[in-house]
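K.L.:
Got two chains here, each in a separate frame; can you build the complex from them with the hints?
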Amino acid sequence: MRTSQVSVRTKNSRKYWLAAGLSVATLGLAGCGNSSSSAGNAAPLPTSAKALTKAQGGNGYPASAKPVTITINTDLDDPIAGTNKRVYQDVFVPQFEKAYPNIHVKVIDSKDNSADQALYSRIIAAQHSHAASPVDITDSSILPQMIQQNAGVKITPVDVPLMKQVDPTLLKATKYLAIPYRGSSVVLAYNSAFVKSPPTTLSGLLSWIRQHPGKFTYNTPSSGGSGEGFVQAIVNQNVPASKENTFATGYEPSLESYWEKGFKTLAALRPYIYHKGFYPDGNNAALQLLANSSVWMVPAWSDGASSTMAQHQLPSTVKLSQLSPPLPGGPADLMVVKGSKHQRAAFTFINYMLSQPEQALVADYMKGYPGVEWKYAPAAVRKEFGAIAKSYAPAWASQFNNDLSQKWQDNVAAG
Amino acid sequence: MSVVTEAPPVDRTGSSRRTRRIRRIARRVVPFGAGSLPVLVTLAFTGFPVVLAVLYTLGKTGGFNETISRVGQHQVQARHGLSLGAYRNFFASHALRADLFITLWVTLASTAALVALAWMLALFVRFSGGWIGRLISTLYVVPMFIPSVIASYALVTFWEQNGKLAAIFYQLGIPNGWMPGFTSTGVVLGLVWTNIPFAVILLSSSLQGVPEVLIEAARDVGSSWWRIIWSVLLPLNRLPTIIVIVFTATGTLGNFTIPDIMGPNAPQMLGVAMTKYYQSYGQPQQAEVMAVLVFLAALVLSAFYVASSRADRKRNAARGSARAAVK
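Residue numbers (the working numbering), protein chains in the order written: chain A, 1 to 415; chain B, 1001 to 1327.
Some hints here could point you the wrong way.
[As the list claims (entries may be wrong)] Distance ranges between label pairs, derived from CB positions:
{"no.": "1", "chain 1": "B", "residue 1": "1146", "chain 2": "A", "residue 2": "127", "range": "40 to 48 Å"}
{"no.": "2", "chain 1": "A", "residue 1": "375", "chain 2": "B", "residue 2": "1070", "range": "34 to 42 Å"}
{"no.": "3", "chain 1": "B", "residue 1": "1082", "chain 2": "A", "residue 2": "127", "range": "26 to 34 Å"}
{"no.": "4", "chain 1": "A", "residue 1": "200", "chain 2": "B", "residue 2": "1170", "range": "30 to 38 Å"}
{"no.": "5", "chain 1": "A", "residue 1": "176", "chain 2": "B", "residue 2": "1170", "range": "33 to 41 Å"}
[Stated by the list, open to error] Covered stretches of chain A (in silico footprint by chain B; criterion: 3 or more residues with CB under 8 Å from a CB of chain B, positions within the stretch not fixed):
{"no.": "6", "segment": "120 to 130"}
{"no.": "7", "segment": "398 to 405"}
Derived by calculation from the structure, the hints in this document are not laboratory data.
Given the structure is predicted, the values throughout are model-derived calculations rather than measurements.
Built from N, CA and C at the ideal position, the CB exists for glycine as well.
So here's chain B without its partners, still in its complex pose (with noise of 0.2 Å):
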């Protein structure tokens, strides 16, 4: 910009000048430019509906969210400024905050469970060398060929009320069993189920990157194998575990298929009670509402894996100088 406004030289050293200080500026916008297309087209076709969406969950019906509008029932339209009466009345709700409670709930216990899980059958896979360690490191990755609409209709159908394992159950002579089927620990066994792939493959592959001779030296001192995956595997795998815990959390906060298929009448998770809103009840307001907390709850998750990440990087580079100093 300041090289249009600038007087134009006279002599031709200058006009050199001003190429050569054309071409330096062009290296340097050129690049941001053709960087920039994308966050542009995000910025127009995601930025723009969110900050929209916002609003409209704010009370502001009016312009660009008109047709919404329209077609909403029960909405809440602010006269003046912005109104929080669309979330209040979302608190108002037994019903939906048994709904937020139970998303909470879900997505807490499955990634725990995952985590544990994952830890355990990483460990397996890269600590047990024969068949079985092979087999298991074949079958953790079934689930991932397995589309979650079909795995859940097939696991719910094991589960429910006339399913095998009310067979198998009945044959044992316990005729009315507890079936996971239809109830939110059922969601929660199915989430665990369809996340394990990812899961394991990020741990046993950064378990693997572990050096042998730090296992050997912990063993040699007589650590037990608590304490070596405790102070030595678990240090190791910070990341890939704080990774794991903020991808499946984030995505089983707006997670639709596996609780509407697998979930209970009620409560029901966020992702199916907005869906329900939207499709069923013509209350796109409410909707939004729900799909905005959900997003609040991703971006805290989203800050944790932010700032651990950059803890973890910190800490490497600090390790990083140590051992040069060392030398």
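Excised from the complex, chain A in its bound form (with noise of 0.2 Å):
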């Protein structure tokens, strides 16, 4: 009973939008770049699958070859609100085996952070043990993990020819391991009834929320990537250049001394903070603070708030704005496993979330950022999402962010 609570309140927080009720509302996406029709109803592929293979001069897994069952664990399948359908078992998987008759997917359901850690140690174990892997493809929140530990096949331009369209910076941060299908960012969201002119900087954000005591608060790192957003943007702006990358890279403790004085301005933000200092328990709970006038400004996704406004779930003026520089934000990536035996079925696989059909249904349905680079994206995805479709910065390792809500709470919260 208890641990589904405890999935809402992880860091990982792209499954908290899921369950926050993701849009199913087909926000004017007329049509998704080649394909003519509408993105909400399975689009017919602007070429077959063979063909788009061919193409691509690829390793896909050849219509010829004998049926096979690829297994992909996500966190993310919880039924989209209004619809009851689940994102991976109900949208993409059904798109994708339709292309790919030979290959099915089995999706299993990682529910809470406690059932996907312990995924993750049968992962690391059966590699230790040079046994077959309980799964072959990842999208949950052990991935920073996984990377971490390397447990993930090298990805090549051979196996996922799409991954040409991909921001190299991104791949560069999961060493390759991972590929973004999908990404979102923090931006901030305000309500324009109180708030004319929001800030553009960070520093502006900073002299807002000390002129306007109460009226701005964000949730605990622990709980939530919108407030780990905010925070990682405070305490980076004392990080060197030159270090900035080995954040999302690698881990070197020693770098954390660099965050000290941001843990010191959050600390004294405290006082300006909703009722002197209340931080609520995940990003949901935040805008739901926004929703009902209490705050009038606090950092959100920008998938979450996207959905949570086309379901009219918060007031109509309620509007989103990013800063310059941008808050940190994440793509959401895709892994095979090392160990998995049906590795070019699960390449195959990726690289056709990559695609267009299936990049149009990341913006339908989850009002993600696309996973490949804007310009690749079809362009009724760059019209939607306008103003805030700008790069982010790659997802920092998974032991810096775990480091930062500690430190947040011994500093910030206790201190």
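P.N.:
Shown next as structure tokens:
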């Protein structure tokens, strides 16, 4: 009973948004790139799967090969509010299986963090004993740890031809072990009824908070990525530019000494936070405070806030804006797990997730940014995201995020 | 065992004596074996992991602890022997010391409040007839049928800054009244609320067992109600009260749901802190240090329980023999 609550509080924010309810409103997505039909309906492929693979010169799973079942674990297969459709089981996978009838995809739902961690331990144990991996592909909160452990198969353009369309910095951050298929970033959600001109820089935001006591808050960094993103942005201010990339690619605890000044700023900000320092538990809890006008501004995930707005769960006066430089964001990656017996079929799936039909579904159902670079995204998707369609910084290594959460707890909450 | 090593007897009487002896031993061993099965299962699936966890907190990161230590951050590894480093780190952190303090404080406060309230309710149910008594005896079991997750969400929603309670305060002209939502006092109230059914059921059923004659006799010699409670009811209900204290205090020490949902950002009770350290901060060793500390505190409580129930049994036995002597 309790565990389902725990899942809502994990540091990995994506599943949280699905619990909050994804929009299925097909927001003016009339066309999707090359394909002329609506994205919500199963769009006919621009070309046949075979031709697609051939044209990209890839190593895709041949249509003549014997049928195979691949297993993917994901923490975001909760039903989408309103339709009861599950993103993987009912949206992504059927589209894929239509294109590749000889690959069956079995979806394992890692419902909560502890189930996810248990699976992670099994994967690592299987790799150490050279046994078959329990899953072929993973898309869940364990990814940062998997990357750290080198538990994925290196991705090459031969296996995943569409890799060429993905931002190389994001690939480098995963050590080429995982590939982003969608993304989102932290943005500012504000109520324009009270805020006429939102701040455009981080220092502008800080002085806005001090000028409007009690009208801003952010969720605890361990409970969701939007608060975490805000905290990251603050502590990152004092990190030398040359070291910034290390946070995405490695783990050097000594770099955390650069955070100290940022934590002092955050601790000093506490009296100006809603209710003299009340930090809600989770991305959605922060949006609820915005919804009932307790606060005027919160950091929020672009995808989460967009879908909440599409469902009219926020006042119509709520708007999104991005700071310059942008608040951190994060891609959601797919990884083929080392020890998988069906690597070729698994890579075929990953490549297909980057294709235009699936990318349109990502935008449509998840309000996610495309995994491919903006210029390769379907035109309608580019248009929809308009003002916030900017690149985002790669996610930090999990150990840094863990330490960030703990240090925030020690220095800001308990400080 | 000794049977097997014995020289085989030759005559028939010897043989039958042997079978009898085997049977006698079997009669003794078989029930023990059957009884020991659950013990063995417990040892294998609970005892063994507990030993591993304790060793892990003492810096033993190899062997069976290798998998967990592979994913842990900021671990203390004992180069040789055992290390108390992880415990030193716990007590070095001011935030964790505050967490430990608030855990003990909440446990103490909620147990004391619960016992006082449960006694009052149990006395009321025992001695007040009529519809109010019946109503109370129905109402106090209600929290038992509401899952604590739902109850704590409901309570904290009622108590939070935008909740009904705030609205009532506002109407009364107290715009910034104190709210128990997201405070440790709120956690105490929530714990009392959820533990009331168990405590009152236990106390009131044992109060029902106090013979009316004893109370009548005390009243006849002019004792006040307070005196009757103190000198008659309390001594006769010592053990149930101790059971209530020990069981609720033990449950509170490691409680997660209520403090997690209703508690403040900081300080957190250890149940919440250890979950955070395990799941969000990637520090399983530090989480297990907290688990060991909670376990030690619970151990003190259970020692208290065992000692007092033994004393109670001894006293009853003494009373019984005294009665027999009088006869």
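K.L.:
Look at each hint and say if it fits the structure.
P.N.:
Here is how each hint holds up against the structure:
no.: 1; hint: B:1146 <-> A:127: 40 to 48 Å; in the structure: holds, 45 Å
no.: 2; hint: A:375 <-> B:1070: 34 to 42 Å; in the structure: holds, 41 Å
no.: 3; hint: B:1082 <-> A:127: 26 to 34 Å; in the structure: holds, 30 Å
no.: 4; hint: A:200 <-> B:1170: 30 to 38 Å; in the structure: holds, 36 Å
no.: 5; hint: A:176 <-> B:1170: 33 to 41 Å; in the structure: violated, 58 Å
no.: 6; hint: 120 to 130; in the structure: holds (count 4)
no.: 7; hint: 398 to 405; in the structure: holds (count 5)
Hint violations for this structure: number 5 only, all remaining hints satisfied.
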